[in-house]
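Colleague: Sequence:
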Amino acid sequence: MSNKLAIFGGLKTINYEFKKYNSIGIEELEAASKVIETGVLSQFLGSHSDDFYGGPKVKEFERACEKYFGVKHAITVNSWTSGLIAAVGALDIEPGDEVIVSPWTMCASATAILHWNAIPVFADINPETFNIDPESVEKNISKNTKAILAIDIFGRSADIESLSKIAKKYNLEIISDTAQSPGAKYKDNFAGTLASIGGYSLNYHKHIHTGEGGILVTNNDMLARRMHLIRNHAEAAVEGMGVTNLSNMVGYNFRLGEVECAMGIEQLKKLENFVSSRQSAAHKIINGIKHLKGLHVPEVRDDCSNVFYILPLVLDLDALGISRQVIFDALTAEGITGLIQGYVNVHMLPIFQKKIAYGSNGFPWTENFCRKDISYEKGICPIAENLHENTFLGYEMCLHDLTNQDISLIIESFQKVWSSLEYLK
Numbered sequence: 001m002s003n004k005l006a007i008f009g010g011l012k013t014i015n016y017e018f019k020k021y022n023s024i025g026i027e028e029l030e031a032a033s034k035v036i037e038t039g040v041l042s043q044f045l046g047s048h049s050d051d052f053y054g055g056p057k058v059k060e061f062e063r064a065c066e067k068y069f070g071v072k073h074a075i076t077v078n079s080w081t082s083g084l085i086a087a088v089g090a091l092d093i094e095p096g097d098e099v100i101v102s103p104w105t106m107c108a109s110a111t112a113i114l115h116w117n118a119i120p121v122f123a124d125i126n127p128e129t130f131n132i133d134p135e136s137v138e139k140n141i142s143k144n145t146k147a148i149l150a151i152d153i154f155g156r157s158a159d160i161e162s163l164s165k166i167a168k169k170y171n172l173e174i175i176s177d178t179a180q181s182p183g184a185k186y187k188d189n190f191a192g193t194l195a196s197i198g199g200y201s202l203n204y205h206k207h208i209h210t211g212e213g214g215i216l217v218t219n220n221d222m223l224a225r226r227m228h229l230i231r232n233h234a235e236a237a238v239e240g241m242g243v244t245n246l247s248n249m250v251g252y253n254f255r256l257g258e259v260e261c262a263m264g265i266e267q268l269k270k271l272e273n274f275v276s277s278r279q280s281a282a283h284k285i286i287n288g289i290k291h292l293k294g295l296h297v298p299e300v301r302d303d304c305s306n307v308f309y310i311l312p313l314v315l316d317l318d319a320l321g322i323s324r325q326v327i328f329d330a331l332t333a334e335g336i337t338g339l340i341q342g343y344v345n346v347h348m349l350p351i352f353q354k355k356i357a358y359g360s361n362g363f364p365w366t367e368n369f370c371r372k373d374i375s376y377e378k379g380i381c382p383i384a385e386n387l388h389e390n391t392f393l394g395y396e397m398c399l400h401d402l403t404n405q406d407i408s409l410i411i412e413s414f415q416k417v418w419s420s421l422e423y424l425k
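Start counting the sequence shown at 1; every next residue gets the next number (our numbering).
Check the hints yourself; a few may be wrong.
Unchecked claim - Here are the simulated DSS-like pairs of lysine-lysine, each with C-alpha atoms no more than 25 Å apart in a straight line: (1) Lys270 <-> Lys59; (2) Lys416 <-> Lys34; (3) Lys290 <-> Lys416; (4) Lys269 <-> Lys12; (5) Lys72 <-> Lys165; (6) Lys139 <-> Lys416; (7) Lys425 <-> Lys293; (8) Lys34 <-> Lys72; (9) Lys59 <-> Lys72; (10) Lys416 <-> Lys293; (11) Lys185 <-> Lys165; (12) Lys269 <-> Lys19; (13) Lys20 <-> Lys425; (14) Lys143 <-> Lys169; (15) Lys284 <-> Lys416; (16) Lys293 <-> Lys185; (17) Lys19 <-> Lys284; (18) Lys293 <-> Lys269; (19) Lys187 <-> Lys72; (20) Lys146 <-> Lys67; (21) Lys185 <-> Lys284; (22) Lys378 <-> Lys354; (23) Lys270 <-> Lys187; (24) Lys139 <-> Lys169; (25) Lys269 <-> Lys290.
The set of hints was computed from the structure by calculation and includes no laboratory data. This one's a predicted model, so the numbers in the text were calculated from it and none came from an experiment.
Please construct the entire structure, taking both the sequences and the accompanying hints into account.
Modeller: This is the structure:
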């Protein structure tokens, strides 16, 4: 392979490092400094009082999120994993209940279900959008199904309209895991706001961030109250709040601090510009490479915007006549950083393949921790599996602050590699 890469004359197209993406500026520094000067870094109390809901910056950030996303309730948490756990728990999910989820996601989407001793059931994905396929969802519904956890992957909303019809038909709830897609639109609404519960990640490599953190959104008063309780030591506050439905009312310290929320207020003001910049860069790359043989670029739709956390590409290996690894190595040799081969097949992770649990005698056993007709074997999600193993090639758009020169060189690198496909075979 190294000899074949010598075709490129020993001079790679990109010979410098792109500037790392950094959404934090002087505004965040000043906001954080002001909070530190007050000495109030957190004002949460784990009991029923005004401070049960946090300090002034927590409340200010939540109100700003409610206004921005057009929702009744926004609830901050210390990570989006915490947010997912709170969302599943708020839906009154009990042991043995089933929640249908995509395998094409970060593991927390599924382990948040396990957290409540419920059962993740994996539905396959749509090969064009990479989001959960509504037809596969419906095929996996059983009498034990209580909810659908739909991931708005790579910056694009799942087909929430079709999923909502299924949810209504079978009396299910929907959680939108919009971690990667803040600011994306589904028709006239923000992704994440059309489900029973939605939310966004504030992890450091997202469009906006507070280091770590998350934002839950809902228009349902009862679900909001339950998520507030799970966020902040529910068992210590339910009596004072007059809560009598104690299902899942074991709470945690999922609270986000005052400094992070002060930064989040400033970050939220910048989200629209950050999204616009990412979309512009992605569209330029797409237009520059969409004509290349055997390379499928994402569809750009007017009614469902994409904020491009990752630019997803799919290779037609029959048309190319070479493997993804050869393409990846050649593009990397040209100096492109941020490429990924495959993504994730959560159902193939050890926790689902081993299924180890412990009986009352303390000895491990390896039987399924769910009904016998649920399988986590390879083959249950063939589209996701083939994409991960063979044909998916992604470019991490949130990794760099791309200039027009950077974009031109990325396009040039793709074109150069494609012009030499015959030699690479």
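Colleague: If a hint holds in the structure, say so; if it doesn't, say that too.
Modeller: Here's how the hints hold up against the structure:
no.: 1; hint: Lys270 <-> Lys59; in the structure: 19 Å, holds
no.: 2; hint: Lys416 <-> Lys34; in the structure: 51 Å, violated
no.: 3; hint: Lys290 <-> Lys416; in the structure: 14 Å, holds
no.: 4; hint: Lys269 <-> Lys12; in the structure: 39 Å, violated
no.: 5; hint: Lys72 <-> Lys165; in the structure: 23 Å, holds
no.: 6; hint: Lys139 <-> Lys416; in the structure: 44 Å, violated
no.: 7; hint: Lys425 <-> Lys293; in the structure: 15 Å, holds
no.: 8; hint: Lys34 <-> Lys72; in the structure: 28 Å, violated
no.: 9; hint: Lys59 <-> Lys72; in the structure: 13 Å, holds
no.: 10; hint: Lys416 <-> Lys293; in the structure: 13 Å, holds
no.: 11; hint: Lys185 <-> Lys165; in the structure: 19 Å, holds
no.: 12; hint: Lys269 <-> Lys19; in the structure: 22 Å, holds
no.: 13; hint: Lys20 <-> Lys425; in the structure: 34 Å, violated
no.: 14; hint: Lys143 <-> Lys169; in the structure: 13 Å, holds
no.: 15; hint: Lys284 <-> Lys416; in the structure: 17 Å, holds
no.: 16; hint: Lys293 <-> Lys185; in the structure: 30 Å, violated
no.: 17; hint: Lys19 <-> Lys284; in the structure: 18 Å, holds
no.: 18; hint: Lys293 <-> Lys269; in the structure: 41 Å, violated
no.: 19; hint: Lys187 <-> Lys72; in the structure: 19 Å, holds
no.: 20; hint: Lys146 <-> Lys67; in the structure: 30 Å, violated
no.: 21; hint: Lys185 <-> Lys284; in the structure: 20 Å, holds
no.: 22; hint: Lys378 <-> Lys354; in the structure: 13 Å, holds
no.: 23; hint: Lys270 <-> Lys187; in the structure: 22 Å, holds
no.: 24; hint: Lys139 <-> Lys169; in the structure: 13 Å, holds
no.: 25; hint: Lys269 <-> Lys290; in the structure: 33 Å, violated
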